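Peer 1: Each chain is listed here by its residues.
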Amino acid sequence: MYSALKSLFFSIILILSSATLNLAIAEEAASVEVAHAHATTTNDEVHADHASHGEEHGDAHGSEAEHGEQDPIEAIMHHISDANEFHIATIGGKHISLPLPVLIRKADGTWSTGMSNQYHHEKDGLILAHGRIVDAKTHSTEGLLDLSVTKNVFMMFLSLIVLTLVFFSVKGAYNKRGATAAPKGLQSFLEPVITYIIDDVAKPNLGKHYEKFVPYLLSAFFFILINNLLGLVPFFPGSANLTGNIAVTLTLAVMTFLVTNFSGNKDYWTHVFAMPGVPKPLLLLLTPLEIIGLFTKPFALMMRLFANITAGHIIILSLVSLIFILGENGKSMGGAISGTAVAVPFVLFMNALELLVAFLQAYIFTLLSAIFIGMAIEEHHHEEAHH
Amino acid sequence: MITGFAALGAGLAALGAGIGIGSIGSKAMEAIARQPEATGDIRGAMIVASALVEGAALAAIVISFLVAGAGAGAQ
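Chains as they are written, first to last, in the working numbering: chain A, -11 to 375; chain B, 2 to 76.
The hints are simulated quantities; they were obtained by calculation from the structure and are not laboratory data. Do not take every clue at face value.
Claimed, not checked - Computed list of lysine to aspartate or glutamate pairs in DMTMM-like fashion (alpha-carbon distance at most 25 Å, straight line):
id	chain 1	residue 1	chain 2	residue 2
1	A	Lys159	A	Asp187
2	A	Lys200	A	Glu366
3	A	Lys82	A	Asp96
4	B	Lys28	A	Asp134
5	A	Lys191	B	Glu38
6	A	Lys254	A	Glu278
7	A	Lys319	A	Asp59
8	A	Lys82	A	Asp123
9	A	Lys285	A	Glu199
10	A	Lys196	B	Asp42
11	A	Lys191	B	Glu31
12	A	Lys285	B	Asp42
13	A	Lys196	A	Asp255
14	A	Lys200	A	Glu179
What the hints assert, rightly or not - Here are the computed distance ranges between Cβ atoms for each label pair:
id	chain 1	residue 1	chain 2	residue 2	range
15	B	Glu38	A	Asn163	35 to 41 Å
16	A	Leu341	B	Glu38	27 to 33 Å
17	B	Gly70	A	Asn253	38 to 44 Å
18	B	Arg44	A	Lys319	48 to 54 Å
19	A	Val330	B	Ala75	32 to 38 Å
20	B	Leu13	A	Val330	23 to 29 Å
21	B	Gly26	A	Leu282	27 to 33 Å
22	A	Thr239	B	Ala75	26 to 32 Å
23	B	Leu13	A	Asn163	39 to 45 Å
Computed from a prediction, not measured in an experiment: that's the story for all the values here. Ideal Cβ placement from N, Cα and C applies to all residues, glycine included.
Pulled out of the complex, with its shape left as it was, chain B reads as follows (with noise of 0.2 Å):
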């Protein structure tokens, strides 16, 4: 049951990444649209943002790793 959960765990954390770097994507491109010379900065900005959200969304997952090992460990 442990690891049920773990896995659900596991879930919300790439449905968390995906809002978050979606959010992300979607500013982006509204920014470029109205001001396409700026693509390049735009680009940078909205990769490194997504590396910092999808830092704490894999935490979660690593988090949920640890939480199914000991929970399939303890069985």
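Chain A with its partners taken away, still in its complex shape (with noise of 0.2 Å):
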């Protein structure tokens, strides 16, 4: 276990010291420049002072009193959004990032690649504005294909190395130990949660099959669970929101609307089309509501997470927002400190909630997968219920 940890540690620092050798630090004068060509809005680079949005002590107030008026809405979706590089933190008004890998298809058909640090002056039609690459003449994304590494596939690949990391190590234990000796170390930590997705999630909803669903719903389980706490985490290279993604959890969704469908019998899909022991003109309207339920259970799964995950980040961001609003963004210190007694509790309280609705939200997710999965391959002993 420790051997994994030691080299989590050593590639994160890796990432951190490569990531340093060609540090986009963006000119104020790009970024103003850019924000003035928006007519819509005066906000400028501010989002300085919401880098250490989990920071309590308002110290960061000094950094924004020269960036002037701060829209705290444009700083909280600017958090919650996916970008395409990963900012880090402002100091002293200097923005300090990690670049990320850029893959975008115009609307010409042509492709642009490069280092989102490349951006920050036009480059093929593209710059780099508020995080985003947009076109450089209209500032927005229409009829480009983003296809780049942004925070959240960054954020993913970070979480997958994670797991890797954690899994293989806890196969090794089991290798090395035997599968019946008493667990040590990250595998005593892991045993009782796997154990329980297997006995009390897996086994009473999926029936006799259930070993061929499992690997599914661990997966799922501790993807989301993993990428959750993560997002809690407010600093580098935690605070993506990736399951507050929608088109990740439509994924997610969408996976398990094809372990479901392809997995369901005969049964399950008599049900959905020809619902037996109904009369025929209730099968009418019976049949479209089956099928659009079909799409909506995961469509619910998609919704309820993004939802819950979302919504908590918002909070949390709103109520260190406050500190800034009462703080009238460096004027005022008495309001700055009595916004910080205000938010700092309730920040910590949210927080704590969120870190049971992390835990929540991903065993919800599993549960439902697998109850879904287990409606799809049940064997029909009770026919003579529906006459």
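Got two chains here, separate frames each, mind docking them using the hints?
Peer 2: The structure is reproduced here in structure tokens:
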């Protein structure tokens, strides 16, 4: 286990040091120009203050007195959304970000590749504005197919590395110690959780053939859990809102949809298209409803996870924004102190609640997936109930 | 004005979630009081039911986000 943690530690150090070699330190001038090109907002790159959104001491005020008005909603949206570079901190007005690889297909069919720090000034007709790469003239992403490694993709790779290291080290521990020896270390932490998922989520809902689906359920559970937890961490390797990205939750829901429907047996499909024991006229109404039901269940899975995680992040960010609102962006020290006094306990409470929600949402997703799969593979023993 | 309605909608969604989860919780507590040895099962069922109710409330919240975004954009 220690070797796994050591390698994780060193890989993070490697990522950080290679990023330092070509750190993007955004010139304020460029970002201010871009900001003024937007007629709509007066918001310069003042996401500065929210770089410390987990930092409750309010000492980031100083840096934004120079930046002027701060729109909290813009800042919150910036933290919730995906970005083409990974903003780490803003020190003395300079943004420190991890540049990420860019791969964009433009509207005319040509591809633009590079690192995000090359797009501070226009390159290939594209420019980095507010963290996203947009068309240099229209400042919109219309017509662009963005396949870059964005903040969320980077986060996904990071959580994959964490999961791989953790689970391979547990597997190694099982190989070394045998399946029946007492677990030690990381194994002893994970084994109850894994056993709980298998015994209390998979087995009761899936019946006899539960073993086929346990890998999917465990993967879904731990992927969602790790990403929820990493999203709560306010500083660098962790602050991306991955499970609050509706595309990611859509993909997870589609996975469940595919697993459910590809393992459906004859009983399942007859129940959807021609529910037995139902008179024909009613069947005309029931079958479309059942077909819609096939899609609403994964849709609800997607919506539930997305909204829970995003709402939690927005609440925490709003409470921290309170400090900046009350402190009038650095002008009022008394306001900032009172804001801190109010916000810190609430943010602490919300973070604890979000910790609970992280576990709960991962569990609920897994449980509902198990229930849906169970309904699909259920052998029918009680047809007489339909008459 | 549209954003005002969106905010109202979000508040009503929170109200709905509160009522739903509150009644689930109260029934669960009554059940536990009647039969303490079933606490584990009751707790599990309560959590599942709360997540489903909350899913509905959060769908409403998401719609209010969309409306607020559209309302703010239109202005």
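Peer 1: Given the proposed pairing of Lys285/A with Glu199/A, does the C-alpha separation stay at or below 25 Å?
Peer 2: 23 Å, holds
Peer 1: Between Lys191/A and Glu38/B, does the CA-CA distance stay at or below 25 Å?
Peer 2: 22 Å, holds
Peer 1: Within 25 Å, alpha carbon to alpha carbon, are Lys28/B and Asp134/A?
Peer 2: 49 Å, violated
Peer 1: The hint says 35 to 41 Å between Glu38/B and Asn163/A; measuring C-beta to C-beta, is that right?
Peer 2: 40 Å, holds
Peer 1: Is Lys254/A within 25 Å of Glu278/A, Cα to Cα?
Peer 2: Holds, at about 15 Å.
Peer 1: So the hint says 27 to 33 Å: do the beta-carbon atoms of Leu341/A and Glu38/B match that?
Peer 2: 29 Å, holds
Peer 1: I want to verify a distance hint. Is the separation of the beta carbons of Val330/A and Ala75/B within 32 to 38 Å?
Peer 2: 34 Å, holds
Peer 1: Leu13/B and Val330/A, beta-carbon distance inside 23 to 29 Å?
Peer 2: 26 Å, holds
Peer 1: Are the Cα atoms of Lys82/A and Asp96/A separated by 25 Å or less?
Peer 2: 34 Å, violated
Peer 1: Given the hinted pair Lys82/A and Asp123/A, is their alpha-carbon gap at most 25 Å?
Peer 2: Given pair Lys82/A, Asp123/A holds - Cα atoms ~24 Å apart, limit 25 Å.
Peer 1: Is the distance from the Cβ of Arg44/B to the Cβ of Lys319/A consistent with 48 to 54 Å?
Peer 2: 50 Å, holds
Peer 1: Given the hint that Lys200/A pairs with Glu179/A, test it: the Cα-Cα distance must not exceed 25 Å.
Peer 2: 19 Å, holds
When held up to the earlier numbered hints, the structure conflicts with 3, 4, 11, 23 and fits the remainder.
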